[in-house]
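Use these hints to put chain L onto chain H, whose structure you have.
Heads up: the protein sequence lines correspond to chains H and L, in order.
Counting in my numbering, the first sequence runs from 1 upward without gaps.
Counting in my numbering, the second sequence runs from 1 upward without gaps.
Keep in mind that the hints were calculated from the coordinates and are not lab data.
Note that beta-carbon positions come from the ideal geometry of N, C-alpha and C, so glycine has one too.
Possibly wrong hints are sitting among the right ones.
[Claimed, not checked] Pairwise CB distance ranges (calculated):
| hint | chain 1 | residue 1 | chain 2 | residue 2 | range |
| --- | --- | --- | --- | --- | --- |
| 1 | L | 488 | H | 284 | 54 to 60 Å |
| 2 | L | 386 | H | 417 | 54 to 60 Å |
| 3 | L | 288 | H | 346 | 53 to 59 Å |
| 4 | H | 440 | L | 79 | 28 to 34 Å |
Protein chains: 2
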Amino acid sequence: MSVKERIKQLRNEMRKRGIDACIVPSSDPHQSEYVAECYTARTFITGFTGSAGTAIVTLEKAGLWTDGRYFVQAENQLIDSGVTLYKMGLDGVPTVEEFLKETLHQGAKIAFDGKVISMEYFRGLKSSLESREFSYEVNEDLVDLIWKDRPQKPCSQVVLHDVVYAGESRESKLTKVSHEMKTMGANYYVISGLDDIAWLLNIRARDVKCNPLTISYVVVSEKKYYLFINDKKINSDVRRELEKANVEIMPYESIGEFLAKIKDGVILLDVARISTWIYSSINIKILEVMDITTRFKGIKNDIQIKNVRKAMVRDGVAMVKFITWMKKTIKLRDITEIEAADKIEEIRSAGENFYDLSFASISAYKANASMPHYAATKENQATIKAQGLYLLDSGAQYLDGTTDITRTLAVGPLTQEEKTDYTLVLRGMIDLSFQRFLYGTTGSNLDIIARIPLWNAGMDYKHGTGHGVGFFLNVHEGPHRISVIPNNIVLKKGMVVSNEPGVYKEGKHGIRIENLVVVQEDEKTEHGGQFMKFETLTLCPIDLEAIDVALLTNDEKSWLNDYHKTVFEKLSTYVLGEELEYLKQATGAI
Amino acid sequence: MSVKERIKQLRNEMRKRGIDACIVPSSDPHQSEYVAECYTARTFITGFTGSAGTAIVTLEKAGLWTDGRYFVQAENQLIDSGVTLYKMGLDGVPTVEEFLKETLHQGAKIAFDGKVISMEYFRGLKSSLESREFSYEVNEDLVDLIWKDRPQKPCSQVVLHDVVYAGESRESKLTKVSHEMKTMGANYYVISGLDDIAWLLNIRARDVKCNPLTISYVVVSEKKYYLFINDKKINSDVRRELEKANVEIMPYESIGEFLAKIKDGVILLDVARISTWIYSSINIKILEVMDITTRFKGIKNDIQIKNVRKAMVRDGVAMVKFITWMKKTIKLRDITEIEAADKIEEIRSAGENFYDLSFASISAYKANASMPHYAATKENQATIKAQGLYLLDSGAQYLDGTTDITRTLAVGPLTQEEKTDYTLVLRGMIDLSFQRFLYGTTGSNLDIIARIPLWNAGMDYKHGTGHGVGFFLNVHEGPHRISVIPNNIVLKKGMVVSNEPGVYKEGKHGIRIENLVVVQEDEKTEHGGQFMKFETLTLCPIDLEAIDVALLTNDEKSWLNDYHKTVFEKLSTYVLGEELEYLKQATGAI
Numbered sequence: 001m002s003v004k005e006r007i008k009q010l011r012n013e014m015r016k017r018g019i020d021a022c023i024v025p026s027s028d029p030h031q032s033e034y035v036a037e038c039y040t041a042r043t044f045i046t047g048f049t050g051s052a053g054t055a056i057v058t059l060e061k062a063g064l065w066t067d068g069r070y071f072v073q074a075e076n077q078l079i080d081s082g083v084t085l086y087k088m089g090l091d092g093v094p095t096v097e098e099f100l101k102e103t104l105h106q107g108a109k110i111a112f113d114g115k116v117i118s119m120e121y122f123r124g125l126k127s128s129l130e131s132r133e134f135s136y137e138v139n140e141d142l143v144d145l146i147w148k149d150r151p152q153k154p155c156s157q158v159v160l161h162d163v164v165y166a167g168e169s170r171e172s173k174l175t176k177v178s179h180e181m182k183t184m185g186a187n188y189y190v191i192s193g194l195d196d197i198a199w200l201l202n203i204r205a206r207d208v209k210c211n212p213l214t215i216s217y218v219v220v221s222e223k224k225y226y227l228f229i230n231d232k233k234i235n236s237d238v239r240r241e242l243e244k245a246n247v248e249i250m251p252y253e254s255i256g257e258f259l260a261k262i263k264d265g266v267i268l269l270d271v272a273r274i275s276t277w278i279y280s281s282i283n284i285k286i287l288e289v290m291d292i293t294t295r296f297k298g299i300k301n302d303i304q305i306k307n308v309r310k311a312m313v314r315d316g317v318a319m320v321k322f323i324t325w326m327k328k329t330i331k332l333r334d335i336t337e338i339e340a341a342d343k344i345e346e347i348r349s350a351g352e353n354f355y356d357l358s359f360a361s362i363s364a365y366k367a368n369a370s371m372p373h374y375a376a377t378k379e380n381q382a383t384i385k386a387q388g389l390y391l392l393d394s395g396a397q398y399l400d401g402t403t404d405i406t407r408t409l410a411v412g413p414l415t416q417e418e419k420t421d422y423t424l425v426l427r428g429m430i431d432l433s434f435q436r437f438l439y440g441t442t443g444s445n446l447d448i449i450a451r452i453p454l455w456n457a458g459m460d461y462k463h464g465t466g467h468g469v470g471f472f473l474n475v476h477e478g479p480h481r482i483s484v485i486p487n488n489i490v491l492k493k494g495m496v497v498s499n500e501p502g503v504y505k506e507g508k509h510g511i512r513i514e515n516l517v518v519v520q521e522d523e524k525t526e527h528g529g530q531f532m533k534f535e536t537l538t539l540c541p542i543d544l545e546a547i548d549v550a551l552l553t554n555d556e557k558s559w560l561n562d563y564h565k566t567v568f569e570k571l572s573t574y575v576l577g578e579e580l581e582y583l584k585q586a587t588g589a590i
Numbered sequence: 001m002s003v004k005e006r007i008k009q010l011r012n013e014m015r016k017r018g019i020d021a022c023i024v025p026s027s028d029p030h031q032s033e034y035v036a037e038c039y040t041a042r043t044f045i046t047g048f049t050g051s052a053g054t055a056i057v058t059l060e061k062a063g064l065w066t067d068g069r070y071f072v073q074a075e076n077q078l079i080d081s082g083v084t085l086y087k088m089g090l091d092g093v094p095t096v097e098e099f100l101k102e103t104l105h106q107g108a109k110i111a112f113d114g115k116v117i118s119m120e121y122f123r124g125l126k127s128s129l130e131s132r133e134f135s136y137e138v139n140e141d142l143v144d145l146i147w148k149d150r151p152q153k154p155c156s157q158v159v160l161h162d163v164v165y166a167g168e169s170r171e172s173k174l175t176k177v178s179h180e181m182k183t184m185g186a187n188y189y190v191i192s193g194l195d196d197i198a199w200l201l202n203i204r205a206r207d208v209k210c211n212p213l214t215i216s217y218v219v220v221s222e223k224k225y226y227l228f229i230n231d232k233k234i235n236s237d238v239r240r241e242l243e244k245a246n247v248e249i250m251p252y253e254s255i256g257e258f259l260a261k262i263k264d265g266v267i268l269l270d271v272a273r274i275s276t277w278i279y280s281s282i283n284i285k286i287l288e289v290m291d292i293t294t295r296f297k298g299i300k301n302d303i304q305i306k307n308v309r310k311a312m313v314r315d316g317v318a319m320v321k322f323i324t325w326m327k328k329t330i331k332l333r334d335i336t337e338i339e340a341a342d343k344i345e346e347i348r349s350a351g352e353n354f355y356d357l358s359f360a361s362i363s364a365y366k367a368n369a370s371m372p373h374y375a376a377t378k379e380n381q382a383t384i385k386a387q388g389l390y391l392l393d394s395g396a397q398y399l400d401g402t403t404d405i406t407r408t409l410a411v412g413p414l415t416q417e418e419k420t421d422y423t424l425v426l427r428g429m430i431d432l433s434f435q436r437f438l439y440g441t442t443g444s445n446l447d448i449i450a451r452i453p454l455w456n457a458g459m460d461y462k463h464g465t466g467h468g469v470g471f472f473l474n475v476h477e478g479p480h481r482i483s484v485i486p487n488n489i490v491l492k493k494g495m496v497v498s499n500e501p502g503v504y505k506e507g508k509h510g511i512r513i514e515n516l517v518v519v520q521e522d523e524k525t526e527h528g529g530q531f532m533k534f535e536t537l538t539l540c541p542i543d544l545e546a547i548d549v550a551l552l553t554n555d556e557k558s559w560l561n562d563y564h565k566t567v568f569e570k571l572s573t574y575v576l577g578e579e580l581e582y583l584k585q586a587t588g589a590i
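Next comes chain H alone, as it looks inside the complex (with noise of 0.2 Å):
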């Protein structure tokens, strides 16, 4: 069925109940930022595979909203389909709420499937679109009505995460989660993040690709833990380990019925990860607050840190085993985008501890780079040359720890304009990388600190300069991040995030140099205070063919100098042979 097919018959569902505009996010009920194939109805709806984007199908109308890293993809993915593309940020496109407004009549009827939108988004809405008099149909999963072969929800395994990894049992956090929930002045808290609920009961499975994720809800009462989970899911190791940390299993649809029979005390949720479906089932007072598990789940203890430090020697053993081989088969043959990209997946996979890759590689050589997110296909993918730069972007989820490294490859001669591009690019990744700061900091009052020399140089790249990292658990994290936006996270001890500058020159080249840091401690002073700093996790050398070290201030050089130092005496004893030589040659001093 065409997608034009599937919106006549969307149209068709809209008119019989008198609604005027459907609103298909991007979300699952967890409001996860990749989700099973069965939530993805907005793909269904529009044919837009991207990670984020939002569609709205009018009686007249069918649009799709999604931001910068998408418009090329979108563009041709919408083609045919009679949906309109409307580019997120850009001068003169409506917003969703703009759209709704200058579309819909007075009184217009707007429904969504209210399992999936999230109480601050629909609060938003509602807000933004206060002048209009418009009512809401929050119970409207129309586009299941249609979609005969939706799939099944995902049924993985349930397995434990080991406490020789996590550094902390789940009593411990069950325990600690309850205490602060009652410090704050509740008695039941529903968490409905997944990752949340992966890491405070440390328990893990394969129900989102890259994601070590089980679809599910927990209940945390003063005495008693729920989760919410399909049973078929759970073994009886599983049970009884969850069973001893005063678990109970409920099942998975039961949620809401729950919580609408809780009628005294007060329970604390975040509305921005509870959909407005769970929200309308409470019937007591709520305290909206962050995610408790998200405050605490952003700090990693000391064994994360020295297991993550474990993981990043594998990691940087299979980059340099790559690289390696890419440096070297290039001068004898040309290499397909997707080739790389299963030859780096192969190396990780035989690495201990490994359990799946953290997100889909990026495999990109020369223009296709300029794409930050692009996705190579057999159809349309590139073939390297040895010529210009080879962007990968690539990571793995280990037990002991989540991983993502940007490296930009000299795959052969460079202009001067790609060597000074990446050279403006290293000295911002380094210039965060030394850079002390107070505690206090946010990651917003940091952002601009790897911005400074390509800014200099009338550059600049229109995403964030990090991302909070999960420890075996999402690549994106939060609560912190590293952004111009912004936001009042402050960068404490054990935070671990990514720093990852870039360029990208339409038609000419993508360049991102990226490791993961962790925050640290740094002296406390008199007339300053406590001073914090970034330990930097990643192992893998920094492509110096790539570099106009002319450029670089003394203070980077020796940064450079002291880092390949360390990644030579992390590695060295992992390799041998041609990858030892490549290691010895591309870390040492310039």
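Chain L alone, transformed into the frame defined by chain H:
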């Protein structure tokens, strides 16, 4: 009557009314930072005279909450008052809300004068105290009952601010604001901010010291405008000009009644500036947004910028005269801090277009300068000797602009520590001055540029890097600022802001160097976008005698030499003899 006696009388009034706690803030009905004497209820009830602080009086306890700028002053002023000082922001010190929660019994009654508490503050308070069942009496100005000799409301004459200075007529501003109001979906707009009103109507007065304001409200409707003001302040010329612009004069006290009578439509207001009293008098739908006038006023037009450049020449000449006098006199004899403050006031007030100081000058020698908001008094001022550092933070209200400048001067030999600290502060000031930034950047993204040289040496300053500055209006003006505190106000062409890093070492010295800058457009590039830059407005030498040149980078030296060249070019035709001699020497290249 002592503070103790006042509090006793207040408690009597509280008991009569069954009130358990009384909140006395430092604001007036217009949420002004600096208030007329009749609104200093918090000073009356505690004895503390600082510009920021909140008093809470319960039947047993009395407390004052203030921030780090005022700890020392408040400690001294609260001696023998029976009022406990709560140092905001320090570990273990309860907030106002925490104190109320801990101190009051379930069901307690909290009272305040709803005219001087903003709707935003009240909502925050209620929400923090939600878990306790307190009730609120929002119209109890209990301090008034016992304040027998309370000063009258100020009644200074309103003067018109000529369009040759303002750059835009009141008619034009009123039309724009009314149009914006309609575009946002409102039919009425109530303005409470005194500087917003002064800007909108191009009027000035002297109701508040150093702030050329008149106490009033404005209501904008679709066709007509209302100024609520004591009409004794309005002479016939002013009345005629206002009426020409379709502005009707109404009694100040009638605002509540006027608003209550509006029965249809939508009214726009800013809950941060509107009192709970005004808010509760409204019977129609309310659209809550930041004041339109605040947004418009923050962006100075080209004529204002041209004018302020002229005011800066005049102000710079005054500073050069002062510094020449100071450097010469201190070699011959000691000078008191107040003598120095009087001297700069005397010189400034002789200048063309001078109207008032823009704030009470901070004249502080050595250790006194380590208190960022130090105020010299006859009783405890220091005597400046020919040694160490002297700090002067001062400015004026001119018809053609508001100035605010800090210079720290070597009045004799300096220690290496003083020179190093001075140079690091200067580096921060310069680094921010010449940093270009992409359009979209906010002051909280940029703030740390000025801190990095200090952070790298283990130092910091506990205040923002810069505040917006009015045009012949408040020296502190929103909506933009340069601060680590999250804000989403994009820095736009025409915004004037201060750039004032510092170092404060208790018992030793305080250093601050402050210029005003205005945001201008820089180049627009293909791979970046529209870049912005700062143009420095302030024209005054930066004391070369205090600099350790070896600590400056080449870029910083170039900036300083260029700046001094400009200062000399702009000021030299206005000074003669020893002042010209000093200027020449003070602006020489290093």
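A quick look at each hint next to the structure:
1. L:488 with H:284: 54 to 60 Å: violated, 34 Å
2. L:386 with H:417: 54 to 60 Å: Since the Cβ atoms of residue 386 of chain L and residue 417 of chain H sit about 58 Å apart, the hinted range of 54 to 60 Å holds.
3. L:288 with H:346: 53 to 59 Å: holds, 57 Å
4. H:440 with L:79: 28 to 34 Å: holds, 32 Å
Of the numbered hints stated above, the single one contradicted by the structure is hint 1.
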